[in-house]
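Engineer: Turn these sequences into a full structure, and let the hints steer you where they fit.
Protein chains in written order, with our numbering: chain A, 1 to 302; chain B, 1001 to 1107; chain C, 2001 to 2358.
Simulated from the structure, these hints should not be mistaken for lab results.
Mixed in with the good hints there might be a few duds.
To be verified - Listed next, the in silico DSSO-like pairs over lysine-lysine satisfying Cα-Cα at most 30 Å (straight line):
1. C:Lys2107 <-> B:Lys1103
2. A:Lys198 <-> A:Lys89
3. C:Lys2105 <-> A:Lys110
Given the structure is predicted, the values throughout are model-derived calculations rather than measurements.
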Amino acid sequence: MYLSDLSLAQLKKELQQQGIRLRIGPFVVSLKSSIASVQSCLSLLYDSYPLALDEGFSDFHIRLDTPPSYRRFYKPQVRFYFDEREPFKPLPIAHAFPLFEWGLNWCIAKYVHQYLIIHSAVLEKNGKAIILPGAPGAGKSTLCAAMMLRGWRLLSDEMALISPSGQRVRPIPRPVALKNDSIEIIRAFDKSAVLGPKSYDTSKGTVAHLRPTHDCITRADEDVNVRFVIMPKYQKDSHTKFMQLAKPEMLNQLIRNSFNYNVMRESGFDAACKLLDQSECFDLVYSDLGDVIKHLDELVMF
Amino acid sequence: MTSSDASIPSDSGRWYVNSALFQLKWHQWEEGYSVFHTGSGETHTLDDLSAQCLKLLESSPSNIPELSAKLAQSLSLDLDDDLHEYVDKILQQFEYLGLVEKKRVSI
Amino acid sequence: MSQCLLIDILGNVEKLSSLTLSQWDLLVRQSRSANLLGKLYYILIEQNYFDRIPEAVKKHFFSENKYFEAQQSSIEWEVENLKHALRHVDTPVVLLKGAAYIKAKLKAGDGRIFNDIDILVTAQSIEKVEEALKKHGWLSTHLDEYDQKYYRKWMHEIPPLKHYQRKTVLDIHHNILPRTSKNTPDSQKLIDASIPIDETGKLRVLSDVDMFIHSATHLFHEGEFNHGLRDLVDMEQLLSENIRTDFKKDLFDRAEELGLQWPVQYAFVYIDKILNRKLIGDTDLKLKKKLKNKRGLAVIHWVYSSAFMSFHKSCAKAFTPVALWLLYIRGHWLKMPLYLLLPHLFHKAFKKDTVTPL
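Structural biologist: Here it is, written out as structure tokens:
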């Protein structure tokens, strides 16, 4: 059964009462919320996700609600509860859905240590995955969104879950978080793109989420070999250019961009080294989305 | 870790990879080495020369003259003042990073 | 089984074999809240049960253990750095609590997650200790003048130090109870009885009886109970490891010598009550008589039972917030006389909240 099998009214009721249990990649997330924007964004962006009906075990228990106080009426806020504890400060209610996304990222980064987790996008084509570690502001999310709309399978826009052997990466497809200008860039890039509503004035500016393509969700159990690790950088008016990057330098980048290297320690070092042993590493500069994707298509063709 | 033990004159102590409880995990690349220290949890990038220095110390503790001699022999380098100076400086850097420590030789 | 599944399981480990998936869900959540998920992993291994638990559940224990192992490595490194920094200061360095259990390889250390390292040094050496640590990169955390005075004048520790590079936190004690407490024990006695754990003799841990007394004293003097159940489990594990026949007698004798009988008595009562053990035997007539005659015992039981079960919403009883508030006040009252307590509470209530957002 999928989220889309529930009518909006039914979904709202369940989210408000006993909650729903959603299968997101390798995790089962138990979710409750009485906030309308959260309910409608879930309905739009998570429609193809399977519901976990039979199992009684959830990996994370999340609730997003407005506190029962005067704040309900004056500058209302949203609170994020992880098993009824609040790890963050409340945010304005207009940021409720982004808070769910960030909160779920936090849960994974904090409590999942059977993988080495790198802050990066991961996409696959022809059985080969590319990891794109994320320097903030480098345009990673825009590129990731565009690649997905051009037939690449999204494994994640935010975190690469790398197996201890270093060779495979596990999918955890989620809506792609787009910020500021990239929202309209992606809308123009592909008219079929399904985007959630914009949230203004968040700590990252204006944010909207792009629904993952159907293929990404149906194949969410298929992990894949990593073949390329590429640091992308959008540079206005530049030509698409790949520059080979030394592996020790790329290792430093992976460590710098890791959420849990300090927990994984030696096993993280092993996994990252083995990953790089089997991959080619590049810096990538580009300005034209269509052109850079064409080059990336060629990279994985053989 | 900041400065070496002030009570040991600089030529009478032996340098050790720090220490019995911890190990170095190496990975070799075309372009050099990465090393993970199980004590500090830190990862460092080393070129061939500094990596060889650390590996020699790992196999047996040495003072500066001894280490310079071993280094010169293993990489066919001239055993001169420049090499001694290099070894001195690299050991200070390794100490700062918590990779090595100096101990008084007990006779 | 009761709602408080975790306490049920800690009291009757064989019940693990009959849990449904939803019960595992609740158990993992309760354990995580109680900071006992790591310890429960070791209990599962010891019971040869880990391989039989559902796959969906295993990964949470695995992850928690990975975190514990990373912490263990970090403690080893921190202690090495501490030894180096304090090598010229004339005081033994006695590790306390979590760091002690881990370095002394005690069962109480298995899977135990904690944040700071606590050490006990001689009162006379405190200034030199602080000076030496500052030269090696540890910085003072509480920079508010009031907090500095509070710690140095009244408490049994100096303000926590944080290493500028490693971000680890060090709590340096010169006693196990504040100076202002009624029952401040003679800390030199504790140091004299301490046991070396390295070849130099500099690094030490408390003796087996003192370790238990310290844990009990700390727990029952504290005003905050978020780790109450974990501390109770620590003590139960310290006891079960100490199987020498004279241990119980030595423990009570030492407690009397240090003037800390009541925390030890309370520890026995609540290990029995909450963790379903039988520490207080038929031969402990003196203790049983004392407990029977204690006034307001029902209230005390209600307050502490509520506190030990307060770690998760699913276990909390009615009026738990009241019980916790009473213990909070009592915790402070035990630390300092009223003429100091009132201004202190007043100051704390009106101090600006400086918690930074995540």
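Engineer: Compare the structure with each hint and give your call.
Structural biologist: For each hint, the structure was consulted:
Restraint check for C:Lys2107 and B:Lys1103: the C-alpha separation of about 34 Å exceeds 30 Å, so the hint is violated. Of the pairs offered as hints, the one joining A:Lys198 and A:Lys89 holds, with about 21 Å between alpha carbons and a cut-off of 30 Å not exceeded. At roughly 27 Å between alpha-carbon atoms, C:Lys2105 and A:Lys110 fall within 30 Å of each other, so this suggested pair holds.
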